[in-house]
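> If you want the building blocks of each chain, they are given just below.
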Amino acid sequence: METPNPNVKMWQGNVACAEAALAAGCRFFAGYPITPSTEIAEVLSQRLPMVGGNFIQMEDEIAAMGAIIGASLGGAKAMTATSGPGFSLKQENIGFAAMAEVPCVIVNVQRGGPSTGLPTHAAQGEVMQSRWGTHGDHPIIVLSPFSVRETYDMTVRAFNLAEKYRTPVILLSDEIIGHLTEKVDVPPIEQMRIVNRKKPSVSPDNYLPYELNESDIPAMANFGDGYRYHVTGLAHDETGFPTNNPEKIQVQLDRLNRKIDRYRDDIVEIETHYTEDAEILVISFGSTSRSARRAVINAREKGIKAGLLRLKTIWPFPDKEIEVISDPVRKIIVAEMNLGQIAHEVEWATRRSKPVVRVNKINGEPITPNEIFNAIIAQD
Amino acid sequence: MDYLQYLRLDKMPHIWCDGCGHGIVLKSILRSIDKLEWDKNDIAMVSGIGCSSRTPGYVDFNTLHTTHGRALAFATGLKIASPRLHVIVVSGDGDATAIGGNHFIHAARRNIDITMIIYNNYIYGMTGGQVSPTTPSRKKASTAPYGNPDEPFDISRLAQAAGAAYVARSTVYHVGRTDKYIEQALLKPGFSVVEVLTPCPTSYGRRNKEGTAVDMMMAQKANSVGLERIKNMSDEELEGKIILGVFVDKDQKSYLTRYNEVVEQARNMK
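Chains as they are written, first to last, in the working numbering: chain E, 189 to 568; chain F, 13 to 282.
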């Protein structure tokens with residue numbers, strides 16, 4: 189009998205997320221129980237103390253979000269995990285993290301909504317909330333995994349992007365991926381790319397926590413490193429102190445939004461299947477893209493030139509990629525477990541130049557390959 | 013002592029109104045810190061939203077001005093991630109016990125190693141004098157024009173019931189007590205709370221005809237009674253009195269001590 193490979197695991201998506209967080213260097217997790225994300229907290233409550241890290245179950249979702257921001261300012265890589273109702277509660281503090289440019293990772297294992305909705309069933313209803321859930325114009329990065337292995341890789345990437353760009357990053361999973369058990373060939377930790385935030389190289393007297401520099405990403409000192417700076421959610425200038433000066437506010441908010449926009453090519457990832465000669469393009473993401481892939485394969489077996497574009501990055505939206513790939517096709521199908529949140533963006537990206545057919549479901553059941561296949565073969 | 017070494021003078025003038033007691037609380041905090049000779053780099057001051065929550069902007073520590081009511085949540089993460097920092101939360105009555113009430117009782121229950129200074133002025137000052145959880149019954153506020161129909165919280169008793177390791181109450185008139193209590197709180201392992209009553213002549217005093225800032229401080233003097241004296245007083249005598257003193261001073265394992273035991277246990281089980 190062969191010796192089992194210790195690096196090959198049978199994990200559910202939520203476990204892969206927790207393990208990846210540890211591998212990425214997460215040493216602080218604050219959470220609150222909510223289905224279907226709770227396993228992430230449960231695993232980390234066991235695993236974090238083993239590596240000298242900190243797990244804390246807070247009194248509510250809002251506190252969990254606040255705690256990870258505080259921990260990140262103290263120098264820890266920090267994460268929280270939740271689902272729809274909890275994600276709504278966290279929004280104000282997510283906005284704080286965006287405004288104060290504090291790296292952190294928020295996992296949203298999506299369930300059916302609105303409101304308490306369907307706690308144990310999947311949905312993809314927070315595409316727009318993850319982008320615009322908190323008030324005001326702000327940047328955000330949102331990634332969406334379609335498998336357990338990708339949950340692992342994307343969780344690591346979420347930390348890397350958060351650290352690199354000093355921003356909250358949202359991992360938009362869903363109940364199906366979170367609770368799906370699959371084989372994961374865990375990459376050796378020494379082969380993984382781990383990014384850490386850039387620390388200031390100047391003396392404390394010359395440190396500007398929100399410096400307008402060439403990269404648009406200011407260096408970040410930990411509290412206690414001797415830099416004694418001020419962090420606020422109020423509009424602030426380069427020094428971090430509040431200001432009402434319109435010019436100073438404008439340059440800071442311009443930089444804040446630009447720092448993600450200008451690096452969107454580094455952030456945006458997509459995956460394509462059979463798109464080279466496709467006449468019909470299916471666009472999907474997360475668990476629904478598994479059905480979409482099967483539908484496209486089934487169509488190809490019948491000689492229908494269908495292709496799949498899977499969005500790995502949701503925000504910044506892969507508009508340029510969609511525009512190019514969809515250019516030769518005559519029809520686009522967007523399959524998603526909401527009422528068209530991605531489809532709307534696709535119509536915008538393609539300037540409504542071709543029909544965008546929506547395959548939607550919000551009753552808690554997954555969209556089946558057949559439902560997407562039927563949309564592929566439907567007469568226009 | 014030299015206050016200037018702790019102040020960010022370029023951020024002055026501060027936003028507090030003439031006659032506001034908040035500056036007196038700030039000086040008590042600075043005197044207590046100075047007495048302990050703590051390095052400014054090792055101090056983090058965290059606040060939420062409100063007049064008192066502007067304090068961190070004026071002091072030369074690691075300072076964090078968070079969302080309304082959530083200072084303790086941010087501070088909890090900061091303290092756990094960076095335990096060598098002395099984490100001080102400053103908050104007002106509305107910030108601490110209305111929108112932040114849940115975090116307040118849970119920080120006390122958890123006995124997290126944080127000192128919280130609550131500036132209690134019975135009112136939402138920054139937004140113009142709305143009724144707060146500590147506005148006395150029947151007193152007027154911009155959102156209680158007929159008088160407050162509610163009963164107020166007793167912040168110190170609330171902290172005591174929720175499990176804080178150290179709880180004391182003073183007023184800005186009683187600076188000696190305030191200095192001593194803040195110093196004791198800063199030295200206390202676990203969650204320590206100092207409630208300081210501070211007059212808001214602009215938004216509370218004017219509407220309730222309590223006179224000038226000085227009149228309001230003299231009223232603090234006249235209406236206060238030390239905790240040590242209340243045993244011998246009748247309920248009638250205690251009516252309307254502000255009870256000052258140390259309500260709790262107990263030794264119990266702090267959150268960090270207990271969490272370190274968890275880490276030891278987890279490492280031994282590996």
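It is worth saying that the hints were derived from the structure and are not from the lab.
What you are looking at is a predicted structure, and each value in this text was computed from that prediction instead of being measured.
Just so you know, not all the hints are guaranteed correct.
Residues from chain F that face chain E, not an exhaustive set, calculated with beta carbons under 10 Å [stated by the list, open to error]:
1. Phe73
2. His80
3. Ser154
Some residues of chain E that are not near chain F, with every Cβ distance over 12 Å (derived) [unchecked claim]:
4. Val196
5. Arg215
6. Leu236
7. Met246
8. Gly254
9. Ser260
10. Trp320
11. Arg416
12. Gln567
The C-beta atom is built at its ideal place from N, Cα and C for all residues, glycine as well.
> Beyond 12 Å from chain F, beta-carbon-wise, is Val196 of chain E?
holds, 21 Å
> Does Gly254 of chain E clear chain F by more than 12 Å, comparing its Cβ with all Cβ atoms of that chain?
Contrary to the label, Gly254 of chain E does not stay out of reach of chain F, its closest Cβ about 3 Å off (not over 12 Å).
> For the hint on His80 of chain F, does the least C-beta distance to chain E fall short of 10 Å?
holds, 8 Å
> Restraint: Phe73 of chain F near chain E, CB-CB cut 10 Å. Satisfied or not?
The hint holds - Phe73 of chain F has a Cβ within 10 Å of chain E, the shortest such distance being about 6 Å.
> Tell me if the interface restraint on Ser154 of chain F is satisfied: Cβ within less than 10 Å of some Cβ in chain E.
violated, 23 Å
> Is it the case that Leu236 of chain E keeps its Cβ farther than 12 Å from each residue Cβ in chain F?
violated, 8 Å
> In terms of Cβ atoms, is chain F entirely out of 12 Å range of Gln567 of chain E?
holds, 53 Å
> May I ask you to check that Trp320 of chain E keeps its beta-carbon over 12 Å from the closest beta-carbon of chain F?
Holds: least Cβ distance 18 Å, greater than 12 Å.
> Say whether it holds or is violated: Arg215 of chain E keeps its Cβ farther than 12 Å from all Cβ of chain F.
violated, 8 Å
> Grab the minimum beta-carbon distance between Ser260 of chain E and chain F and tell me whether it stays above 12 Å.
With a cut-off of 12 Å, Ser260 of chain E comes too close to chain F, as the shortest Cβ separation is near 8 Å.
> Using Cβ atoms and 12 Å as the threshold, tell me whether Arg416 of chain E really stays out of contact range of chain F.
violated, 6 Å
> Looking at Met246 of chain E again, its CB stays over 12 Å from all of chain F?
Check fails; 7 Å does not lie beyond 12 Å.
Checked against the numbered hints listed earlier, the structure breaks hints 3, 5, 6, 7, 8, 9 and 11; every other hint is satisfied.
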